[in-house]
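A.B. asks: Residue 46 is where the sequence shown starts when you use the numbering used here, and the numbers rise one by one after that.
If you're looking for bench data, these hints aren't it; they were derived computationally from the structure.
A couple of the hints might just be wrong.
As the list claims (entries may be wrong) - Across the chosen pairs, the derived CB separations fall in these ranges:
| no. | residue 1 | residue 2 | range |
| --- | --- | --- | --- |
| 1 | LYS103 | GLU133 | 33 to 39 angstroms |
| 2 | THR69 | LYS125 | 21 to 27 angstroms |
| 3 | ASN53 | ASN139 | 15 to 21 angstroms |
| 4 | ALA57 | ASN111 | 51 to 57 angstroms |
Stated by the list, open to error - In the DMTMM-like style, the derived pairs of lysine to aspartate or glutamate whose C-alpha atoms are separated by at most 25 angstroms in a straight line are:
| no. | residue 1 | residue 2 |
| --- | --- | --- |
| 5 | LYS48 | GLU133 |
| 6 | LYS128 | GLU145 |
| 7 | LYS125 | GLU145 |
| 8 | LYS48 | GLU71 |
| 9 | LYS103 | GLU118 |
| 10 | LYS98 | GLU129 |
| 11 | LYS99 | GLU76 |
| 12 | LYS48 | GLU76 |
| 13 | LYS125 | GLU85 |
| 14 | LYS128 | GLU118 |
| 15 | LYS135 | ASP50 |
| 16 | LYS54 | GLU145 |
Note that the structure is a prediction, hence the values are computed from the model and not measured.
Quick reminder that beta carbons are idealized off the backbone N, C-alpha and C, glycines included.
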Amino acid sequence: MRKADLINKISAETGIQKVDVMVTIERMIREIKQSLANGENLYIRGFGSFIIKKRAAKIGRNIKKNISVAIPEHFIPAFKPAKEFVHEIKSSANIKVAPEVKEDK
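Work the whole structure out from these sequences, hints included.
C.D. replies: Take a look at the structure:
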């Protein structure tokens, strides 16, 4: 499902205009990003947590040039699903196989 599909589905089920749903979803995504950028975690009960994870400094390799590269410690955004959310997915009868993940290159 893409964002446009989500907007269409929410609009159809609630009767709210698509543009209003789109603005709400865009604002929610912007607030999540802004919260994480400010170093604040975001907790949504029953859904999960958007958190900041610290990655330790390490030595990486540039295989094209065959040299070692120092990667400094940094922070990355992560999502940790709530127990209720995980249980709902695990117990769903609709999931037979994992969906394919498309990688953009």
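A.B. asks: Now look at each hint and say whether the structure bears it out.
C.D. replies: Consistency of the hints with the structure:
no.: 1; hint: LYS103 with GLU133: 33 to 39 angstroms; verdict: holds, 36 angstroms
no.: 2; hint: THR69 with LYS125: 21 to 27 angstroms; verdict: holds, 24 angstroms
no.: 3; hint: ASN53 with ASN139: 15 to 21 angstroms; verdict: holds, 20 angstroms
no.: 4; hint: ALA57 with ASN111: 51 to 57 angstroms; verdict: holds, 55 angstroms
no.: 5; hint: LYS48 with GLU133; verdict: holds, 22 angstroms
no.: 6; hint: LYS128 with GLU145; verdict: holds, 24 angstroms
no.: 7; hint: LYS125 with GLU145; verdict: holds, 21 angstroms
no.: 8; hint: LYS48 with GLU71; verdict: holds, 10 angstroms
no.: 9; hint: LYS103 with GLU118; verdict: holds, 7 angstroms
no.: 10; hint: LYS98 with GLU129; verdict: holds, 22 angstroms
no.: 11; hint: LYS99 with GLU76; verdict: holds, 21 angstroms
no.: 12; hint: LYS48 with GLU76; verdict: holds, 17 angstroms
no.: 13; hint: LYS125 with GLU85; verdict: holds, 15 angstroms
no.: 14; hint: LYS128 with GLU118; verdict: violated, 30 angstroms
no.: 15; hint: LYS135 with ASP50; verdict: holds, 23 angstroms
no.: 16; hint: LYS54 with GLU145; verdict: holds, 21 angstroms
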